[in-house]
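> Given chain A's structure and the hints, the job is docking chain B onto it.
Here is what each chain is made of, one letter per residue.
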Amino acid sequence: LAKTTQPISMDSYEGQEVNITCSHNNIATNDYITWYQQFPSQGPRFIIQGYKTKVTNEVASLFIPADRKSSTLSLPRVSLSDTAVYYCLVGGAGSYQLTFGKGTKLSVIP
Amino acid sequence: DTGVSQNPRHKITKRGQNVTFRCDPISEHNRLYWYRQTLGQGPEFLTYFQNEAQLEKSRLLSDRFSAERPKGSFSTLEIQRTEQGDSAMYLCASSPGGARNIQYFGAGTRLSVL
Chain A
750 LAKTTQPISM DSYEGQEVNI TCSHNNIATN DYITWYQQFP SQGPRFIIQG
800 YKTKVTNEVA SLFIPADRKS STLSLPRVSL SDTAVYYCLV GGAGSYQLTF
850 GKGTKLSVIP
Chain B
220 DTGVSQNPRH KITKRGQNVT FRCDPISEHN RLYWYRQTLG QGPEFLTYFQ
270 NEAQLEKSRL LSDRFSAERP KGSFSTLEIQ RTEQGDSAMY LCASSPGGAR
320 NIQYFGAGTR LSVL
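Those sequence lines, one after another, are chains A and B. Just add 749 to wherever you are in the first sequence, counting from 1, and you've got our numbering. Just add 219 to wherever you are in the second sequence, counting from 1, and you've got our numbering.
Quick caveat, the hints were computed from the structure, so don't treat them as lab data. Keep in mind it's a predicted model, so treat the numbers as computed, not measured. Treat each hint with caution, since some may be false.
List time: in silico DSS-like cross-link candidates among lysine-lysine, alpha-carbon distance up to 30 Å [claimed, not checked]:
#1 Lys-276(B) <-> Lys-752(A)
#2 Lys-803(A) <-> Lys-752(A)
#3 Lys-276(B) <-> Lys-851(A)
#4 Lys-854(A) <-> Lys-230(B)
#5 Lys-851(A) <-> Lys-230(B)
Okay, chain A solo, but in the shape it has when bound (with noise of 0.2 Å):
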């Protein structure tokens, strides 16, 4: 499984847009790209998912570029209600576990 590395922690004031960066370089040919939302004492929820170039849905959009090697999480005007942690993932088809990091710490500032 491919391993990813992205930022311990962000600030961001509320209103701003927050850009999360994810680097895995060793992504296999077969690998989606997916990121998850977790708050205190919840199960994580899935926010997004890619494969290439860009993907937008009603909370988040996702950059990826051509060579796949990093992704970006960009989450539009955040509100305090943002505030979580925020994991990357890749895996691919026949992939049945998720591999999750120690995820991104997003503290949203009034």
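For chain B alone, kept in the frame of chain A given last:
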């Protein structure tokens, strides 16, 4: 609520006691997973079921741990002779399978072993 349900939410036990947790997955999902999470760490995979078959177990799952999924519906995770090191959040997830492997997690059971 059609999400993954875990019970109990909290469990306090004394060292040496046995505990059992229950997970009810999303009804149409045939895959079920258990993870363990300690403070400041991401969840760690424990075991995986496809329908009623337990297809994979992590080396983290010592012989004191056992998981079942009778009839391919709900699952139980039992820990025998609990130790203080077993204190953690135990998370259950389910998925419909497929290439994308998006898993949906419950809120977890927090175990405290005194």
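> If a hint holds in the structure, say so; if it doesn't, say that too.
Right, here's what the structure says about each hint:
no. : hint                      : result
1   : Lys-276(B) <-> Lys-752(A) : holds (20 Å)
2   : Lys-803(A) <-> Lys-752(A) : holds (21 Å)
3   : Lys-276(B) <-> Lys-851(A) : holds (22 Å)
4   : Lys-854(A) <-> Lys-230(B) : holds (27 Å)
5   : Lys-851(A) <-> Lys-230(B) : holds (25 Å)
The structure fails none of the hints (numbered hints given earlier).
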